[in-house]
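So the protein lines, in turn, are chains A and E. Positions in the first sequence are counted from 1; adding 40 to them yields the numbering used here. Positions in the second sequence are counted from 1; adding 18 to them yields the numbering used here.
Among these hints, one or two may not hold up.
[Unchecked claim] Once the Cα atoms are required to be at most 27 Å apart in a straight line, the calculated DSS-like pairs of lysine-lysine come out as:
| # | chain 1 | residue 1 | chain 2 | residue 2 |
| --- | --- | --- | --- | --- |
| 1 | A | 171 | E | 121 |
| 2 | E | 121 | A | 291 |
| 3 | E | 20 | A | 237 |
| 4 | A | 171 | E | 118 |
| 5 | A | 303 | E | 118 |
| 6 | A | 349 | E | 118 |
| 7 | E | 20 | E | 129 |
It is worth saying that the hints were derived from the structure and are not from the lab.
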Amino acid sequence: MRNVAVVGVGVFPFGRHSDLLYQEIGVPAVNDAIEDAGIDRKQIQSCYAGTVSGMGVAHDIINECGMIGIPIVRVENACVSGTNAFRQAWMEIASGLSDISLAIGIEKMKDSSMAAQGGGRIQLEMKAMMKLPIVSTFSIMGLPGYFALAAHRHMNDYNTTKEDLANVTVKSRRNASRNPKAEFQNPMTVDEVLNDKMINPPLTRSQCCPKTDGAAAAILMSEDLAKKYTDTPVWIKASSMTSSYVEEQFKNLISLPNIENAKKAFSMAKLEPKDFFKNGFAEVHDCFSISELLHYEDFGWCKKGEGPKMLNDGIPEIDGDLPINPSGGLLSCGHPLGATGIRQVAEVVYQMRKDKEVAKRQIPDKNLDLALAHTMGSPIMGFTSGIHIFSRDL
Amino acid sequence: MKRQPLFIDGKLNAGKCNDCGIVRFPRRDYCNYCQSTNISAYGLGPKGTLETFTISYMKPMIGRMKPPYPYGVAIFLTDDGQKIHVIGLIDSQEPFEDVKIDKELSLIEDKLLIKFKMEAD
Chain A
41 MRNVAVVGVG VFPFGRHSDL LYQEIGVPAV NDAIEDAGID RKQIQSCYAG
91 TVSGMGVAHD IINECGMIGI PIVRVENACV SGTNAFRQAW MEIASGLSDI
141 SLAIGIEKMK DSSMAAQGGG RIQLEMKAMM KLPIVSTFSI MGLPGYFALA
191 AHRHMNDYNT TKEDLANVTV KSRRNASRNP KAEFQNPMTV DEVLNDKMIN
241 PPLTRSQCCP KTDGAAAAIL MSEDLAKKYT DTPVWIKASS MTSSYVEEQF
291 KNLISLPNIE NAKKAFSMAK LEPKDFFKNG FAEVHDCFSI SELLHYEDFG
341 WCKKGEGPKM LNDGIPEIDG DLPINPSGGL LSCGHPLGAT GIRQVAEVVY
391 QMRKDKEVAK RQIPDKNLDL ALAHTMGSPI MGFTSGIHIF SRDL
Chain E
19 MKRQPLFIDG KLNAGKCNDC GIVRFPRRDY CNYCQSTNIS AYGLGPKGTL
69 ETFTISYMKP MIGRMKPPYP YGVAIFLTDD GQKIHVIGLI DSQEPFEDVK
119 IDKELSLIED KLLIKFKMEA D
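Next up, chain E with everything else stripped away, as it sits in the complex (with noise of 0.2 Å):
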């Protein structure tokens, strides 16, 4: 089990299987499909959807986020189609009226941390 950047090059660093072709992220040595150990590594982003959301308004089990704050799953496709669902931080201010679901977001590159941008309406 070898720990992967979170990001590579402004896009997430998935993992492709080269014998079935599934997509997985976070990047793994398995492939949970076929078990190959044919992993590379596969850019995803940095462009979505937001598939759904919701706000917190209680403090995390670990972590420092305030609340409230929004978070929410987003849609990236890979080339053939796949859909790979990511949950992320989403990148708004209260009354968070931006979010809102089936809209399209980007990714804001860091390190720890998976956030999303809102697409202006």
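So that you can see chain A by itself, here it is in the shape it has in the complex (with noise of 0.2 Å):
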């Protein structure tokens, strides 16, 4: 396989966008990744746009942006869709197909309903789920109580407390408040995370990511390219997937089966979960803020109930040791489904880059050698997980 590089990156700030079309939203964080890159947008031999709810979404912005004929692909994977337009992306460039590829993740949610976001295929499949035991025994479940289990068996486990989780929140609020287009720019106290309306206890409404519009796209390129039109590219030393079927995410809550897909990734790359620490930092998926929690301790960053004190130390502040979600995460930025993916990808080369863009923001350079970018996606349905590494030396 040929080494591949991010070059160009662009974000669309989150929040609501009601009154913009897809294209709107999406047609911006192209253009600004075309020419963050440099390139010329003919250059583009392929299109992946990740995203649940924009059937055709891709086709409209690819022509409000002057590209025809190229293969343009929708990609849905719920939650992983942006990171899985990357990795097509990504497999389009190291198979030799194309030498410069587009990714591009975008979703509207705030006008619609979770039906819509599902392509309506939950509209279209009601009459016969309603009459199905297993899937009617599922659907007393909306996405926040999955985690809220976990939290539930992770506090009885290892005594973690309310205030553990709040804590998630805090840091996410506070890095957030230094990123301009993160949906959630306030910062907030435990207090008033714990105080929050009830979702599905423990958790509060500030420790569930929102549903959120937003879009963000990425240029990859082949090594020679690459070192061509920048000095600064961000290598990709790993992509990697896993899934699970829907009983598999029961059998151990506090132990999310991204555990597999991590050893995967960091197998690819060459690397362990200790070479990040004074070296790395990370993108991970904070959809509620348990799962952040599980994700230091699923990847390997710190012992298994240890989660809330890793938080504790300061290790993944912005100036800690191993810096987690310096955008603000999903918690803050909000979660466009389709969109998430890529913004991360856009903050670990903004990041690594040291890019103006994240000036107020800027993990130390120490702490930029390596990245990770993960996602996970339809907990209640099956489940996948998506994980990228990054490097700024090939």
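Make the complex out of the two chains shown on their own, each in a separate frame, by following the hints.
Right under this line is the structure:
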């Protein structure tokens, strides 16, 4: 396989964009990425767009951007859609099919129902679903529910407290207060998080990522071209995915199936979890407060049960030994399903390059050699996990 | 793919692989571990323990549950000690004080829903 680098990225601010069309939030992100990469748009040879709800949106964006005739593919894999679009673009170049590929992530969620976000499948199958025992049983549970179940067991087994969980949101908001493209930029205290509206005990509203509108884009290139277009390419060292079946998720709620994927990704990059300390940073899928703590543990960055301690010790802070979610993550940036995976890549690129975009939340140079970006999806319908590992040097 | 009833004789209708011995719930045509199609019905429960729980303060995506309602994951043991995790509603009234982690429970038979009844303290 060929070496692949990310050379350009763009992010349209996450938030509420009810008056804008998909292409009106997608085109600026794509144009920013093209300008950032310093290429002519005619050089792009393929496009993958991660979106759950946006049927045909990739074609609309590409048409608006003045690129005709290239393969355009919509990629849907729930919350991992953006990560998967990025992976497809990586595969295009690694395999030699394309030299320059565009990955887009885009979603509008503020004004839609869950059914619409699921591409209408839930509505289409409603009649059949209501008669199916196991599916109707899963339907009792919203998305926060799965993570609330994990949180309660974690609290029971490791004496994790409500405050430990709230601290994740406090860190997230603190970082996002330095990110003008995040949906929630207001700092919050532990008390404010705990006194917020209850969704699924122990998770209050601000411990759940919001439904958001947003878009992001990335330009990927082969090694030869990347070296020609930039002095600061961000290399993709690993692209890894796993899936599991529905029942498996309940087997060990506090050890999400990300464990297997992390092992796979670290092995592909010829790295170990400890290599990230004082050397790297990460953007992980903090869909709920408990999720981020579980990821610390499941990626091997601390022992099982010690996620809260790692946070309380300041390790995942921007100036800590292993900064995690410097952008504010899903909890504060918001989580437009397809856009999240590409927004994470943009954060990685901006940070590694010390771009003015992240001037107010810049991670110190010593921690910029390695980065990991991770999303996970559909925990109530079968599970999928996507990880990419990046490096500053090839 | 054949639709299976949820309960058989008051127990959950799980499947046991006759080749590798793995029990899965719900019952499916293939074993996920050895890909065998030699699967027999295996009754799970009716007694189990509550692994974890939460209470929903939101309406479900589909279904007619009215919040707040508790639900949880229960563990049912097979004869040979396999732990099978099953999610279900918990039959309890506010403030749900009887719902506690690691407490014993039993299944309530139903055509569509899995429901747990907490055992008395």
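Do the hints match the structure? See the list:
no., hint, verdict
1, A:171 to E:121, "violated (31 Å)"
2, E:121 to A:291, "holds (17 Å)"
3, E:20 to A:237, "violated (42 Å)"
4, A:171 to E:118, "violated (30 Å)"
5, A:303 to E:118, "violated (34 Å)"
6, A:349 to E:118, "holds (26 Å)"
7, E:20 to E:129, "holds (16 Å)"
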